[in-house]
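Visitor: So the chains spell out like this:
There are 2 protein chains.
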Amino acid sequence: MSKPRLQSLWMFALLVFATAASASDPLPSWKEGPSRRAILAFVDATTRPGSPDFVPEARRIATFDNDGTLWAEQPVYFQVFFVMDRIQAMAGDHPEWRDVEPYKSLLARDLKGALASGEKGMVQVMAATHTGMSVDAFAAQVRQWSASARHPATGRLFTDMVYQPMRELLVYLREHGFRTYIVSGGGQEFMRPWAEHAYGIPPAQVIGSYGELEFALQNGVPVLLKQAKIGLVDDHGGKPVAIQRFIGERPIFAFGNSDGDLQMLQWTMAGDGRRFAGIVHHTDGEREWAYDRASKIGTLDKALDAATTGGWTIVDMKAEWSRIYPDP
Amino acid sequence: MSKPRLQSLWMFALLVFATAASASDPLPSWKEGPSRRAILAFVDATTRPGSPDFVPEARRIATFDNDGTLWAEQPVYFQVFFVMDRIQAMAGDHPEWRDVEPYKSLLARDLKGALASGEKGMVQVMAATHTGMSVDAFAAQVRQWSASARHPATGRLFTDMVYQPMRELLVYLREHGFRTYIVSGGGQEFMRPWAEHAYGIPPAQVIGSYGELEFALQNGVPVLLKQAKIGLVDDHGGKPVAIQRFIGERPIFAFGNSDGDLQMLQWTMAGDGRRFAGIVHHTDGEREWAYDRASKIGTLDKALDAATTGGWTIVDMKAEWSRIYPDP
Chain A
231 MSKPRLQSLW MFALLVFATA ASASDPLPSW KEGPSRRAIL AFVDATTRPG
281 SPDFVPEARR IATFDNDGTL WAEQPVYFQV FFVMDRIQAM AGDHPEWRDV
331 EPYKSLLARD LKGALASGEK GMVQVMAATH TGMSVDAFAA QVRQWSASAR
381 HPATGRLFTD MVYQPMRELL VYLREHGFRT YIVSGGGQEF MRPWAEHAYG
431 IPPAQVIGSY GELEFALQNG VPVLLKQAKI GLVDDHGGKP VAIQRFIGER
481 PIFAFGNSDG DLQMLQWTMA GDGRRFAGIV HHTDGEREWA YDRASKIGTL
531 DKALDAATTG GWTIVDMKAE WSRIYPDP
Chain B
231 MSKPRLQSLW MFALLVFATA ASASDPLPSW KEGPSRRAIL AFVDATTRPG
281 SPDFVPEARR IATFDNDGTL WAEQPVYFQV FFVMDRIQAM AGDHPEWRDV
331 EPYKSLLARD LKGALASGEK GMVQVMAATH TGMSVDAFAA QVRQWSASAR
381 HPATGRLFTD MVYQPMRELL VYLREHGFRT YIVSGGGQEF MRPWAEHAYG
431 IPPAQVIGSY GELEFALQNG VPVLLKQAKI GLVDDHGGKP VAIQRFIGER
481 PIFAFGNSDG DLQMLQWTMA GDGRRFAGIV HHTDGEREWA YDRASKIGTL
531 DKALDAATTG GWTIVDMKAE WSRIYPDP
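If you're matching them up, the sequences are chains A and B in order. Each residue of the first sequence is one higher than the one before, starting from 231 at the first, in the numbering used here. Each residue of the second sequence is one higher than the one before, starting from 231 at the first, in the numbering used here.
If you're looking for bench data, these hints aren't it; they were derived computationally from the structure. Bear in mind that the values here come from a model prediction, so they are computed numbers and not experimental data. Some hints could be false.
Any copy will do: because identical chains look the same in the list, a pair fits if it lies in one copy or spans two.
[Claimed, not checked] Quick list of in silico lysine to any residue cross-link-like pairs, SDA-like style, CA-CA up to 25 Å:
{"hint": "1", "residue 1": "342", "residue 2": "546"}
{"hint": "2", "residue 1": "350", "residue 2": "499"}
{"hint": "3", "residue 1": "350", "residue 2": "384"}
{"hint": "4", "residue 1": "334", "residue 2": "402"}
{"hint": "5", "residue 1": "334", "residue 2": "263"}
{"hint": "6", "residue 1": "459", "residue 2": "441"}
{"hint": "7", "residue 1": "459", "residue 2": "445"}
{"hint": "8", "residue 1": "261", "residue 2": "279"}
{"hint": "9", "residue 1": "532", "residue 2": "448"}
{"hint": "10", "residue 1": "532", "residue 2": "444"}
{"hint": "11", "residue 1": "548", "residue 2": "449"}
{"hint": "12", "residue 1": "532", "residue 2": "449"}
{"hint": "13", "residue 1": "548", "residue 2": "316"}
{"hint": "14", "residue 1": "342", "residue 2": "262"}
{"hint": "15", "residue 1": "459", "residue 2": "274"}
{"hint": "16", "residue 1": "526", "residue 2": "445"}
{"hint": "17", "residue 1": "334", "residue 2": "432"}
{"hint": "18", "residue 1": "532", "residue 2": "455"}
{"hint": "19", "residue 1": "459", "residue 2": "479"}
{"hint": "20", "residue 1": "334", "residue 2": "430"}
{"hint": "21", "residue 1": "459", "residue 2": "444"}
{"hint": "22", "residue 1": "334", "residue 2": "304"}
{"hint": "23", "residue 1": "261", "residue 2": "390"}
{"hint": "24", "residue 1": "459", "residue 2": "442"}
{"hint": "25", "residue 1": "350", "residue 2": "547"}
{"hint": "26", "residue 1": "532", "residue 2": "451"}
Modelling step: build the complete structure from the supplied sequences, incorporating the hints.
Guide: Listed below in structure tokens is the structure:
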């Protein structure tokens with residue numbers, strides 16, 4: 231073989247090798263570090279045939295909190311922005327709202343003022359915006375909102391404030407035979423209309439808080455109507471309850487970011503065999519928000535202690551994620 | 231080519247053709263008839279690329295009632311036999327039951343006597359046998375029962391009284407990209423331990439009636455405890471409610487056998503595009519049981535009228551099924 235021919239073959243081989251290495255990195259937004267290593271090691275151990283920790287594909291269940299774990303949650307859960315926008319859209323039909331709290335404050339986009347009405351006020355506002363319509367009508371409202379509403383600080387669509395590293399993790403797990411579920415304190419019917427596009431998670435794998443439904447025939451047409459009665463609050467102890475109800479078996483992998491996720495992580499780790507518990511720790515005040523024990527939204531206190539004691543994976547967003555959001 | 235050679239090639243081709251035709255019959259227990267034709271036509275229309283009724287794989291959802299649709303339900307729902315067997319097993323710790331109804335009748339396996347205590351008695355008995363333990367402990371009881379208890383009339387294990395034609399239908403649908411769900415008035419936690427083996431349906435796709443659960447730490451170990459409070463009665467209007475809650479989208483294919491399935495079938499048929507509603511009609515008093523409008527168990531009255539009016543598929547078990555149960 232001539233020398234130039236050999237050289238170009240070498241160049242070609244190197245190029246192929248470099249491309250393959252870069253194309254095959256399943257977690258490009260995760261920097262080399264303890265969290266990335268822990269994830270890769272767990273997936274290898276549970277999915278490689280012959281591994282002592284091998285788990286059959288049907289039993290590979292992974293559950294994820296949503297607010298603060300898969301997308302941002304500051305300065306307040308994004309569903310609250312949906313509520314404010316709905317109140318604004320409905321205000322024309324409710325002139326009485328102009329002088330009554332918490333509507334008055336919400337119309338002025340004054341969150342602190344609105345929160346002053348306490349839980350009773352919040353229940354009223356949730357009933358006004360989330361009940362009394364069919365599930366189809368509500369889903370249409372959410373779809374319209376998620377396609378147009380923007381976050382006040384970043385100017386992004388809320389669905390463009392999902393965490394790119396977590397999206398890569400979801401894809402990586404699914405490519406290794408895991409079923410990925412959302413288990414969120416947020417509204418189930420609020421997440422379903424956009425979760426499939428944002429995360430690749432279909433409606434049946436979106437678990438959240440929900441109100442009761444009622445079946446009725448309207449002029450012979452069957453409808454499901456959203457009722458003003460709470461069915462499940464999918465937070466704290468409600469998360470393992472919801473997991474049993476909807477999935478019927480214990481996850482082997484779970485990710486959260488706050489004390490509301492502690493019981494889901496405990497439930498996951500208490501099963502037999504190798505397991506993974508992860509916490510997204512919000513350490514990046516520049517690219518995102520930095521908060522943990524003292525924050526009212528996404529309080530991470532007891533779960534941080536449990537993670538430290540238990541040797542769970544604590545993701546340092548600032549140090550371990552090369553990017554936060556996807557390209558819009 | 232020599233004549234003998236040609237002949238043997240023909241023979242070979244015919245043999246291959248015959249074998250393929252027989253091996254490829256996906257519904258061997260369904261005789262040629264209207265129900266078989268309707269099923270094959272629907273699956274072809276919704277799954278053949280280029281068909282005007284084509285449905286993407288992610289949207290192919292099929293829901294099945296259980297009692298009387300996937301397995302038998304006479305002389306009484308099989309879960310009632312589980313209740314009687316549990317009461318018997320627990321009676322040693324409850325000497326007071328010997329003289330109190332409905333326990334006294336249940337211990338004598340006198341169903342009529344037990345039913346005389348009405349709904350209040352049944353609620354008591356359900357609480358005694360279905361609550362107060364962890365979900366894991368209950369699942370273990372069900373597994374033990376389903377592996378040993380036998381039907382008084384057939385002598386078969388209850389799980390050997392599943393309908394072979396319906397099992398073939400489940401497999402056939404899954405091979406064409408459908409997700410198959412159980413949506414049953416029976417207990418969700420009662421069905422899950424054996425449904426994967428009996429029907430190939432995993433726990434997450436088993437929807438049924440359920441009671442509330444509570445999360446607790448017992449000596450630091452997380453448990454889910456079954457509570458004596460009803461969460462959902464998955465029957466009549468509760469079926470479409472449960473479908474929305476658990477699946478989050480409308481089925482395109484549904485099968486039932488009684489008035490308790492009417493709303494699920496209506497909900498399925500009211501969606502856009504091509505749809506399928508099926509009714510198992512119990513017409514075979516020799517190989518199974520013959521009953522419809524007048525039966526207390528599995529009453530088929532309004533749903534039979536709706537099926538006739540709507541042109542739904544009504545399966546004549548006696549005429550259309552070549553066998554009822556699988557080989558034990």
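Visitor: Given a CA cutoff of 25 Å, do residue 459 and residue 444 count as a within-copy pair, a between-copy pair, both, or neither?
Guide: Both, since 11 Å and 19 Å are each at most 25 Å.
Visitor: When no copy is named, should residue 261 and residue 279 be tagged within, between, both, or neither for a Cα gap of at most 25 Å?
Guide: Neither, since 27 Å and 43 Å both go past 25 Å.
Visitor: Check residue 526 against residue 445 for me: Cα-Cα at most 25 Å, and say if that holds within a copy, between copies, both or neither.
Guide: between (37 Å within a copy, 24 Å between copies)
Visitor: Taking 25 Å as the upper bound on the Cα-Cα distance, should residue 334 and residue 263 be classified as within, between, both, or neither?
Guide: Cα proximity of residue 334 and residue 263: none, with 48 Å in one copy and 66 Å across.
Visitor: Is it within, between, both, or neither for residue 334 and residue 430, if the alpha carbons may be no more than 25 Å apart?
Guide: neither (38 Å within a copy, 54 Å between copies)
Visitor: At most 25 Å between CA atoms: does that hold for residue 459 and residue 274 within a copy, between copies, both, or neither?
Guide: Result: close neither inside a copy nor across copies, 44 Å intra and 42 Å inter.
Visitor: Give the relationship of residue 350 and residue 547 under a CA distance limit of 25 Å: within one copy only, between copies only, both, or neither.
Guide: So residue 350 and residue 547 fail the 25 Å test inside a copy (36 Å) and across (56 Å) alike.
Visitor: Could you figure out if residue 532 and residue 455 sit no more than 25 Å apart (CA to CA) within one copy, between two copies, both or neither?
Guide: Answer is between: at 23 Å across copies they meet the 25 Å cutoff, but 38 Å inside does not.
Visitor: When no copy is specified for residue 350 and residue 384, does a C-alpha distance of 25 Å or less occur within a copy, between copies, both, or neither?
Guide: Neither: 31 Å inside a chain and 58 Å across chains, both beyond 25 Å.
Visitor: Give the relationship of residue 548 and residue 449 under a CA distance limit of 25 Å: within one copy only, between copies only, both, or neither.
Guide: neither (56 Å within a copy, 37 Å between copies)
Visitor: Between residue 334 and residue 304, at a C-alpha cutoff of 25 Å, which is it: within one copy, between copies, both, or neither?
Guide: within (22 Å within a copy, 60 Å between copies)
Visitor: At most 25 Å between CA atoms: does that hold for residue 532 and residue 444 within a copy, between copies, both, or neither?
Guide: between (38 Å within a copy, 20 Å between copies)
The structure does not agree with the numbered hints 1, 2, 3, 4, 5, 8, 11, 13, 14, 15, 17, 20 and 25 stated previously, though it agrees with the rest.
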